[in-house]
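Visitor: Next come the chains, spelled out residue by residue.
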Amino acid sequence: MVVAILIWLITIFTSYHFLMRTWWFPDSASAHGHLLDSQFETTLIVTGVIFILVQIALGYLVWKYRQKPSSGKAIYTHGNHRLEIASIVVTTIVFYLMVLPGQSIWADLYINAPAQDSIQIEVTGQQFAWNMRYPGPDGKFGRTLPELIDDSSGNPLGLDFEDPAAEDDLVLPIMALPVERPIELLLRSKDVTHSFFVRELRIKQDTVPGLTIPLRFTPTQTGTFEIVCAELCGLGHHRMRSFLEVMSDADYRAWLEEMAE
Amino acid sequence: MAEAEHSHAAHAAPTSFIWKYIFSKDHKIIGIQYYLLALFAVFVGMALSVLIRINLVWSGTSIGLLEALFPEGAPGGVMTPEFYLAMLTMHGTIMVFMVLTTAPQGGFGNYFLPIQIGADDMAFPTLNMLSFWLTFVSLVVLLAAFFVSGGAPTSGWTAYPPLSALGEIAGPGLGIGQDLWIVSIAIFCIASLLGALNFITTVLDLRVKGMTLMRMPLPVWAWFVTAILGLLAFGVLLAAGILLLLDRVAGTSFFIPGGLVVSDQIINHKGGSPLLWQHLFWFFGHPEVYIAILPGMGVTSQILAVFSRKPIFGYKAMVYSMFGIGTLGFLVWGHHMFMSGMSPYSAIVFSLLTTAIAVPSAIKTFNWLGTLWGGRISLEPAMQFAIRFVSLFVSGGLGGLFLNQPSTDIYLHDTYFVVGHFHLIMGVAAIFGIFAGTYYWFSKMFGRHMNKKLGTLHFWLTFVGVNSIFMPMHFLGLVGHPRRYAELSGVNFLAQTAPLHFFITIAAFITVAAQFIFLFNFLWALFKGPKAERNPWSATTLEWEIPSPPPHDNFGGKELTVHHGPYEYSVPGEEADFVMQTARPLQKTDTGTEN
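Protein sequences appear in the order of chains V and L.
Okay, so the first sequence: first residue is 1 according to the working numbering, each after it adds one.
Okay, so the second sequence: first residue is 1 according to the working numbering, each after it adds one.
So here's chain V without its partners, still in its complex pose (with noise of 0.2 Å):
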C-alpha cells in the first residue's frame, strides 16, 4: 500500500517540476536553439506520458493485488504473444518516430556544408583557460609552432611571427560575435581533451588534441553568454570559463578594431 503511494508521489513531484520548469534552460540566443528546444519538449512529452502510465500501473497492481484475507488463488497464466508482439510494435513506433525527427537537425549542424560567408574563429582549449584567435584583416590564420608557445609572454598558441599571416592575427581570452552571421569555429586543444559549451547558444563540442573539430551555427540574439568546459580537464576544470557576447554588426567592427590596438 504504502509502496504503491509513494511512487505515485514521487512520480507526481517530478512531473511537477518538469511541468513548471523550475530548473529550465535558458532561453535559446541561436538559429537552431529552438529546434533542439522542440525535439526536447517532444521527448519530454512521450517519455512524460509513459513515465506517468507505467508508475501509475505499478503503484496500481501493487494495491489492487496486494494479499488480503480474501484473496483467492493467483491467475495462472504463461503470458500472451499477443499482447507481448503489440508492446513490441508500439515501442518500436513510438520511439523511432520520435527520435527520427531529431537526426535531421543534427544533421543540419553538424553534416550539411557552413555557408560561404561564415566567420571563422579558431578557439583552442588548455588547461584551463580558452583561447580565441581572429584571423585579422587578411583573412588567414597563420603559422603556429608548438616550440613558440609561451603564456608567459603573451604567446598561448606559439604563433610565428615570421610568417605574414600571422601578424595580424588576433589572440584574446575572450570572444566577440556579431548577430545574425553564420558562425564557424575552430575548435583545437594544446593539451587535453575540454569540451566548449555555451548554454544559450545551444551549443557543446569537445576540443581534441590532434584535431581541429568545425562547429557551426548563427547567433541570433545579442548578450553576454559564459563559455565553460563541459569535459574534465584536470583539477581547475570547473574555473575554465570564458565570456562571449554577441552584438550588432556595428558593434562587432569596432571591437574587432579597438582590440587590434
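Watch out, some of these pointers could steer you wrong.
[What the hints assert, rightly or not] The calculated lysine-lysine pairs, modelled on BS3-like cross-linking and capped at a C-alpha distance of 25 Å, are:
(1) 68/V with 453/L
(2) 25/L with 558/L
(3) 558/L with 20/L
(4) 209/L with 316/L
(5) 64/V with 453/L
(6) 452/L with 64/V
(7) 452/L with 528/L
(8) 531/L with 452/L
(9) 528/L with 20/L
(10) 558/L with 209/L
(11) 316/L with 73/V
(12) 531/L with 20/L
(13) 453/L with 528/L
(14) 453/L with 531/L
(15) 68/V with 452/L
To be clear, the hints were calculated from the coordinates, so they are not data collected in a lab.
Assemble the complex: chain V is given as a structure, and chain L must be docked to it using the hints.
Guide: Frame of chain V; chain L shown alone:
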C-alpha cells in the same frame, strides 16, 4: 553435453579454516567472499560520495578526520579541487567495478547459479578461487592509490587520455595514482574474464537431468548472458588498459597525438588518438552497464513471480529480451561520444541502434507488470525492492531517450542530467537488485532470517532517498550544470542551483544513514536472526530443496531430476500454490514452460 555428469565438479570438503573459508574452492564461500568484498567497497564508495556532497555544498569546510588521513589532499582538513576529483574518480571506479560488477555476478551468481541448475559446484572451482583473489588484489591496489605520493587519480572513472596518459605534469594524482588505477583495472579484467569462462561453462555443462535451457530460472539466464558480455567486454578494456600503461611508462603513443604542449612544456609523443581510447573504453563501458543491471533483472523477475504467486509473464520473451539487450549493448557505445569529435554520420547510426534497446527494455517492463497483474502480492522487503527496481528501471531508462538523440544530447551531454540518469539505471537500480537478492536469499545463505520491519524501514528511506538525490540531478542538467565541477562559485549561472545541491546533499545524508540500518540488520541476522526453514517463501527452484545453509556439496549426493519450469505458481487443480521443479509430472496440466 546439456545434462550434467553429476560429480563432475565435486571435491571433498576441506577441514582447515584457511582452506574452508579463505582459499576456498566452494562456490558458496566464494560467493559470500565476493558479497562481503562488495559490501566493504560500497561503504567506502558511499563515504566518498558523502565527501563529494559536502564539498559541493560547504566548500572550504575543515574536516579533522580528513587532515589526519590525507594531509596532502586535504591540508588543514579542507578539500582541494584535485582531492575532490580524486574522490569522484575513486567513487566511480569502486562503485562500478568493485560493487556493481562483483555483488550481483560474483556474489549471488557464484552462490546460486550452480544450485539453481542442480550442480555441485562451478565447472572450475580452482579458477573460481583465483577469480576472487585476483579481484581482492585489484581492490587492494586500487585503494593503495589513496596513499601514494600525489594521491588517487583525478581523471574520472573513464580515464580519458591525454589527461590520464601524460603523468604528473597534467595534474596531481596522475602519476603513481593513475598507474595503480590502471594496474588495478587490468587485474580486475583478468579476474572477470576467468569468472565469465567459469559461469558459461557451468551453465552449458553442469545442468542436472531435466534442467533444459528453457527450464532455467531467469536469474541463471541473466548470469549467463552477463558472463557472455563480460567475456567479450573485459578483454577489450584489458587491452586498452595495457596500451594506456605503455603510453605512460614505455614511451608509446597509442592515445597521445603529436604537438602537445602542457604548461609550456612540449610533450614528446606523436601519432596517437585520444578518440581510440574512448572507442575501446566505451566498447567495454556500455556492455558494463548491462553487466551491472542484467543480474538485477533476473533477480527481480524471480522475486516478482514468487511474491505474486504467479508464473513469470512471458518467460521466453524475458530470455530473448535479455539476449536482445546484451547484443544491442555491444552496438551502441558511440552514444557516449556524440560530442567527442567522431564522425557526425556515425552519431546517427549509434543513435538509431540505441533506440532499439528501448524495445527489449519495454518487453521486460511490460512482462513485469503482467506478472503482478492478477497476483496475490505479499510485500516482503525483497518484493518491495524488486517492485522499486521496475520503477527505477523505467525512470532511468526513459531519461536515456534524451541522451541517445545527438540533437538533444548537445545540451545535456556531460551535464548532471547524465549523472542523474546513469545513477538511477546503473547504480541505484542495480543496487536495488542486490538488496532484493539479499532479502530474498539471506536465509538460504546464512540459515537465518533478516528482520522484516527493519528491512521495510530500510526500503522506505532508501527509496525516497535515492529519488530525492537523483531526480533533482536531472534538473541540474537542464540548467546546464557540467559534471565533475569541484566548486560552483566560478560560473555565474550555477548560483541558481544552490538550493537543489543543498536538497540533494541532505537527501544523500539520509540515504547513507539508512544503509546502516541495513548493515545492522545484516550483522544482527547473521548471529541472532531467527532460524530459517528450508523453503520460507514457498518457492519452486532447486535452492529451496536443500537445507539452509546448504551442505558443502549442495545436494548431498542426491540424484535430482527436474520435471517443471521454474515458475509453476498457483497451478489450477494443485493443492499447494507452487510446484517444485523436481516434483513429479502432473496429471492434468502440462507445465513445460509455455510462453
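Visitor: None of the hints should be skipped; say for each whether it holds.
Guide: Against the structure, the hints come out as follows:
{"no.": "1", "hint": "68/V with 453/L", "in the structure": "19 Å, holds"}
{"no.": "2", "hint": "25/L with 558/L", "in the structure": "21 Å, holds"}
{"no.": "3", "hint": "558/L with 20/L", "in the structure": "23 Å, holds"}
{"no.": "4", "hint": "209/L with 316/L", "in the structure": "21 Å, holds"}
{"no.": "5", "hint": "64/V with 453/L", "in the structure": "23 Å, holds"}
{"no.": "6", "hint": "452/L with 64/V", "in the structure": "22 Å, holds"}
{"no.": "7", "hint": "452/L with 528/L", "in the structure": "14 Å, holds"}
{"no.": "8", "hint": "531/L with 452/L", "in the structure": "14 Å, holds"}
{"no.": "9", "hint": "528/L with 20/L", "in the structure": "23 Å, holds"}
{"no.": "10", "hint": "558/L with 209/L", "in the structure": "12 Å, holds"}
{"no.": "11", "hint": "316/L with 73/V", "in the structure": "24 Å, holds"}
{"no.": "12", "hint": "531/L with 20/L", "in the structure": "23 Å, holds"}
{"no.": "13", "hint": "453/L with 528/L", "in the structure": "15 Å, holds"}
{"no.": "14", "hint": "453/L with 531/L", "in the structure": "17 Å, holds"}
{"no.": "15", "hint": "68/V with 452/L", "in the structure": "19 Å, holds"}
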